[in-house]
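Engineer: Top to bottom, those sequences are chains Y and X.
Position 2 of the first sequence, counting from 1, maps to 1 under numbering that gives the first Met the number 0, and the rest follow consecutively.
Position 90 of the second sequence, counting from 1, maps to 89 under numbering that gives the first Met the number 0, and the rest follow consecutively.
Hints in this document: simulated from the structure, not taken from any laboratory.
Treat the hints loosely; a few may be bogus.
[To be verified] Taking lysine to any residue pairs in the SDA-like style, the calculated list, with each CA pair at most 20 Å apart, reads: (1) Y:K164 x Y:A103; (2) Y:K16 x X:S451; (3) Y:K16 x X:L255; (4) X:K277 x Y:A103; (5) Y:K199 x X:S451; (6) Y:K199 x Y:N210.
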Amino acid sequence: MRVLVIDDHAEVLDLVKRTLARDDHVVTVAASATAARERLAECEIDLIVLDLGLPDGSGQELCRELRREGNAAPILVLTARSAVSSRVECLDAGADDYLSKPFAVAELRARVRALGRRSATLRTFVYEQDDLVLDFSARRATVRGEEAPVTAREWSILELLIGRKGRVVSRRELLDAVWGQADEAASASLDVLIARIRRKLARDLIRTVRNEGYAFGP
Amino acid sequence: MSPTVAQRRMRLATRVVMSATASGALAGALAAASAVIAIDYMVGRHADRRLAGAAEILAGEIDEESDEDDWEPLGEIVADENGELVTSGVRLAAFSGDHRIAGDPWVPVVAAGQCETHGALGNRVRACGRTYRDWLLVAAARSDEAALRWIYALATLGSLLGGALFGTLASLRLTRWALDPLTRLTASIRRLQPDAADPEQLGPRSSCDEIELIRDALSDLLRRSQVLVEQSQRFAADAAHELRTPLTTIRGEIDLLLEDGGASSQRDPMLRVAQRAKQLADLVDRLLVLASPIDRQKQGYETVAMSEIIGEVVSELPAERRARVAVELHGEGLTRGDAALLRSMIANAIDNALKFSAAEPVVVTLTDGTLDATAPAARAITIEIRDRGPGVAAEQRERVFEPFFRVHPDATPGHGLGLSLIGHIARAHGGTAEFVDVDRGARLRLTLPAWSRPNAT
């Protein structure tokens with residue numbers, strides 16, 4: 000993947016660049032919003048890693064502008080601003096995920112991997128079937144007009160399954176995308192989460208494919 | 000309520016009652032004195048009319064007697080009249096010039112057509128005179144000065160006591176009313192959040208000048224302290240921001256070095272640096288959360304399952320610590336909130352329990368109030384973390400939630416921020432954090448409001 004990293008700290012820029020290079024991503028860097036726009040104009044970018052504090056304007060503003068211009072590349076926000084890391088605040092600006100500084104290198108790699116896999120179209124996607132509405136941008140699920148409580152992990156599972164349009168997603172892939180690991184505890188949690196999604200939304204929303212994984216649809 | 004406050008408020012009330020008592024007594028005494036003067040004047044006029052009447056009757060008698068041929072001597076007529084008047088206390092006498100012709104010896108000479116008071120105090124005589132032919136007729140009566148003095152004294156004393164008593168009783172009732180604006184101001188000050196003290200929260204304006212002066216002074220103080228709080232919060236946010244960037248580099252570079260493997264002799268020191276960097280980052284996070292204001296109207300909270308968070312936190316513990324934690328989940332524990340903060344709250348609570356209880360087990364229980372149909376009012380999620388450590392003494396149960404407070408500063412590592420962080424996050428989510436009674440060890444109870452539909456009534 001071609002990744003653009005935008006951060007005004009040269010050290011962090013270098014660290015992220017070397018980290019992502021280990022996963023064979025092609026990394027381009029920019030130290031300001033202006034530089035970032037130049038890079039974006041020069042070449043096709045598959046994913047953007049963006050620091051919120053930039054010398055020439057906020058990262059959120061840049062994010063919003065890119066989305067307005069129709070740029071659909073997934074954006075991972077890095078933030079050192081506040082411990083109250085509001086996912087919604089980043090999502091509202093059009094970002095796909097956030098990571099607060101300082102982060103573990105492994106975590107950064109996992110998030111970039113997961114974003115690369117995810118279908119970018121889901122960000123503004125609203126799924127409707129009978130009396131079920133799944134609004135992925137606002138992360139609101141309604142059943143027969145009433146809001147149903149769906150947690151972040153459950154959304155991740157739904158995103159992955161719906162993105163595959165009914166094709167089977169392996170347990171391993173789900174575990175890696177949702178937990179970043181595939182140990183025994185995570186595996187047990189996956190079954191619990193699938194059961195909860197079915198209970199909260201619809202019984203036949205997710206199909207179990209024996210010995211393989213899960214698929215969306217009855 | 001602290002005892003000093005109660006004492007001070009009582010004293011103010013007592014002062015009001017005392018001043019009301021004094022003014023009541025004074026008013027009573029004044030009223031009694033003026034009543035006595037008025038009554039004395041009216042009684043005096045009535046007595047004068049009586050005396051003048053008696054002299055008039057005597058003149059009439061003399062007139063009658065003189066019409067007859069054998070008119071009695073004047074002395075007899077006066078003696079007769081005195082005999083008739085003996086019960087009324089009025090005495091008559093007749094004078095020719097200053098010479099007494101007839102009548103009682105103590106009746107004094109007075110100017111004709113006048114009423115006068117004669118004699119020393121305690122033996123006073125009131126007398127009214129009129130002329131008849133060449134004579135001066137005088138009617139006199141001993142005034143009951145001594146008795147009257149007692150009556151006057153008693154009346155004044157009675158009014159004084161009555162006034163004082165009424166003043167006391169009335170003010171006892173009225174003081175509460177009078178001090179009500181003060182009581183209300185106190186209540187609204189109590190409701191203020193120390194870390195988000197908005198002068199507008201001091202409640203409605205009062206119509207009392209003194210209360211308004213206190214209120215204005217308080218608002219001013221709050222505004223100034225609010226500026227200081229905001230400055231320190233901004234400083235903490237800036238400091239954290241500045242610290243996090245180098246921490247990112249330290250942690251990231253060590254991570255990369257560790258991934259590369261390297262010489263095994265360097266591995267241990269590198270792991271230590273990585274661990275310390277992580278601890279430093281955690282400390283910065285805690286400071287930052289504590290420095291950020293509690294924002295009740297926080298938008299963008301997401302749906303969070305506390306059971307999931309507990310499971311994750313426990314699964315991320317190192318194996319030997321994880322083995323000591325038993326988790327009992329009764330329900331999913333859905334709430335609305337900031338997942339990162341709630342995770343930090345649970346992680347700190349479990350970490351705290353593990354730290355203070357040596358090798359003993361720690362039990363984490365989640366009870367979903369929404370599952371209990373018998374108690375629909377208690378729509379809360381309760382999470383309890385029990386340990387078998389030394390516990391928290393009852394008198395320290397509130398103080399342990401203050402930042403940097405540590406029960407045993409030398410015995411255990413830490414900064415005294417964990418519990419204040421837990422309390423801060425719980426409150427920010429509309430929940431509570433407290434230590435409850437337990438036979439052995441400590442029992443930290445966290446409550447959070449249960450998830451509800453935003454448009455639910």
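Engineer: Next, verify each hint and record whether it holds.
Structural biologist: Here's how the hints hold up against the structure:
The suggested pairing of K164 of chain Y with A103 of chain Y is violated, with an alpha-carbon distance near 33 Å, which exceeds 20 Å. About 43 Å separates the Cα atoms of K16 of chain Y and S451 of chain X, which puts this hinted pair outside 20 Å; it is violated. A distance of roughly 12 Å separates the Cα atoms of K16 of chain Y and L255 of chain X; the hinted pair therefore holds under the 20 Å criterion. Note on K277 of chain X and A103 of chain Y: the hinted pairing holds, with a Cα-Cα distance of about 9 Å set against a maximum of 20 Å.
Simply put, K199 of chain Y and S451 of chain X have alpha-carbon atoms about 14 Å apart, close enough for the 20 Å limit, and the pair holds. Between K199 of chain Y and N210 of chain Y, the direct Cα distance comes to roughly 25 Å. Violation of the 20 Å bound is thereby established for this hinted pair.
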